[in-house]
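Given only the sequences and the hints, what does the whole structure look like? Please build it.
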Amino acid sequence: MAYSAEISRNNPSCFLFVIDQSGSMSDNYVSVGKPKSEALADVINRMLQQLVIKCAKSEGVRDYYNVGVIGYGANGVGPAFGGSLSGKNLVPISEIANNPARIEERTKRVSDGAGGLVDTSVKFPIWFDPTANGGTPMTEAFRKANTIIADWLSSNPNCFPPVVIHITDGESTDGDPTEEMNKLTSQASNDGNVILFNLHTNARSVNPISFPGPEVQLPDHYSEKLFNGASLLPSFMRNVAAQEFGLNLSDGAKAFVLNGDIDLIITAIEIGTRPSLQLR
Amino acid sequence: MILKCSYKYISIAKVGNSVNENEDNVLVPSISQLESEPIIKFAISDGATESSFSKEWSDLLVSCYKDKPFDLVNLPSTINAISEAWQSITFVIELPWYAQQKLENGAFATFLGITLNLEEKTFEAVSIGDCTLFQVRDNELIYSFPITSFEDFGNTPSLFATNPKFQTDFEKSVKYLNGQVESGDLLILASDALAMWIFKRLNQGESPWLSLLTLLNYEDYQTDFINWTFNKIKENEMKNDDISVVLINID
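Chains as they are written, first to last, in the numbering used here: chain S, 1 to 280; chain D, 1 to 251.
Don't read these hints as lab results, they were simulated from the structure.
Wrong hints could be hidden among the right ones.
[What the hints assert, rightly or not] Heads up, simulated SDA-like pairs for lysine to any residue below, C-alpha to C-alpha not over 20 Å straight-line:
| # | chain 1 | residue 1 | chain 2 | residue 2 |
| --- | --- | --- | --- | --- |
| 1 | S | 54 | D | 16 |
| 2 | S | 57 | D | 96 |
| 3 | S | 123 | D | 97 |
| 4 | D | 239 | S | 1 |
| 5 | S | 57 | D | 19 |
| 6 | D | 165 | S | 4 |
| 7 | S | 57 | D | 232 |
| 8 | D | 234 | S | 116 |
| 9 | S | 54 | D | 17 |
| 10 | D | 165 | S | 12 |
| 11 | D | 239 | S | 116 |
| 12 | S | 108 | D | 16 |
| 13 | D | 165 | S | 112 |
| 14 | D | 232 | S | 112 |
| 15 | S | 54 | D | 22 |
| 16 | S | 54 | D | 234 |
| 17 | D | 239 | S | 108 |
| 18 | S | 54 | D | 232 |
| 19 | S | 54 | D | 100 |
| 20 | S | 54 | D | 166 |
| 21 | D | 239 | S | 123 |
| 22 | D | 234 | S | 245 |
| 23 | S | 54 | D | 48 |
| 24 | S | 57 | D | 94 |
| 25 | S | 123 | D | 21 |
| 26 | S | 57 | D | 234 |
This is the structure in structure tokens:
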């Protein structure tokens, strides 16, 4: 049965994020009043923080995962970690834990235990900073993802299949990415094919579509390409969607979002990074 | 006439983990307690993989079952006292940012305790989660507690939590059982992976305790049990997990 491999230090899995850093990512999300690039950087940093904490044990962090963040924009395509992880593609989660570029103090509102809220200071590690410049070399980004994932699978042939989460707000400016997307989703470990999420985000979130099946009517040829390139959501992810987000998705639901606001993008990332529940 | 009891037990780490990464813990009586006392206690606790310092938490839970009350009225103060003991262990350690943040969530563990009254031929059991008690008489299973079938196992068992914020309602999640024992009875306390295997074999019409009794009677049963579970895991008959079992023979 696919997607049933144990995730352990002897058999780790991986997550790869492919992030659009083109100029249009500097537009503000209407709902949060913050540029898309900044809001997404916060989401990625928080996700990394949560993954580190999930893998932390009393003796340190167990390497259940390798994680990579690839950015594409004005500077072409490349790894997007800052600090001492700069230039690295896939990094073991313990190395991520011990090497944030910096740790910021942020204010968080928490319950005061008497029905009110108080501000409290929390540590917020930063690995990935926002960038928004230039074009959208999406095809090259998928080519890079294919190389990284092929290397990973050759060393980890029995792993729980890698999950690739691609977040964009625009159209490819370097040609049709279809072939590279298909190549990516045809890569597989002995436990199943790579799972590709195509998450399209929009500052105003007009007519959002999330996890649709084949019956969906899409507004343009470009969104059809992203829809066609995305993987079918495996049943365990549909179960997470149902149990934790109340989303009842059909068998044909795809790992695809169109015009999603930041909350919908967060939901999709939560669903996509949930193989972490199978840690042993 | 007062009944007597004897026991064998083993607790091993999941395949791929070191011995000191085993987050299960077991309470068994000393030989002198067995010989002199009519009231004997056993317990088993399975620390949750996803929390940190859960091995320390499961250890404290089974140790404290020896002399703290676990009845529904006293349980909140008992768990609170054990949680304070856990905090005193963990809060003195200097930790990196991620370990500190993880620690704020606390630790979690399932638990099963049984108190035998050999004079009155009765027992009281208390449980949270999916560690399971099996009572076998004349080679037949007469009771299992709190899990009664393979289908009862899920991915999110109820747990004792160090942090009261994450504690499920005791009245709903903690189960109690009073029973009677007879000479010749076999009681088995098993953590979830082995309990699941027992139910699977029962569904096939087998008597799985016979294999366990045979295995734990070998002189070098530690090695034999490790090899046996390794093969079961490899053949996908058992899930790869920390495994603990206590076999109690009533004489």
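Here's how the hints hold up against the structure:
1. S:54 to D:16: Measuring from Cα to Cα gives roughly 19 Å; hence the hint holds.
2. S:57 to D:96: OK: residue 57 (chain S) and residue 96 (chain D) at ~11 Å, within 20 Å.
3. S:123 to D:97: 8 Å, holds
4. D:239 to S:1: 15 Å, holds
5. S:57 to D:19: 15 Å, holds
6. D:165 to S:4: 32 Å, violated
7. S:57 to D:232: Outside the cut-off at roughly 27 Å; violated.
8. D:234 to S:116: 53 Å, violated
9. S:54 to D:17: 17 Å, holds
10. D:165 to S:12: Violated, at about 32 Å.
11. D:239 to S:116: 45 Å, violated
12. S:108 to D:16: 39 Å, violated
13. D:165 to S:112: 13 Å, holds
14. D:232 to S:112: The hint is violated at about 50 Å.
15. S:54 to D:22: Holds, at roughly 18 Å.
16. S:54 to D:234: 26 Å, violated
17. D:239 to S:108: Not OK: residue 239 (chain D) and residue 108 (chain S) at ~40 Å, beyond 20 Å, violated.
18. S:54 to D:232: 28 Å, violated
19. S:54 to D:100: This hinted pair holds, its Cα atoms lying about 12 Å apart.
20. S:54 to D:166: Holds, at about 16 Å.
21. D:239 to S:123: 37 Å, violated
22. D:234 to S:245: Violated, because 35 Å separates the two Cα atoms, which is more than 20 Å.
23. S:54 to D:48: 12 Å, holds
24. S:57 to D:94: 14 Å, holds
25. S:123 to D:21: 29 Å, violated
26. S:57 to D:234: 26 Å, violated
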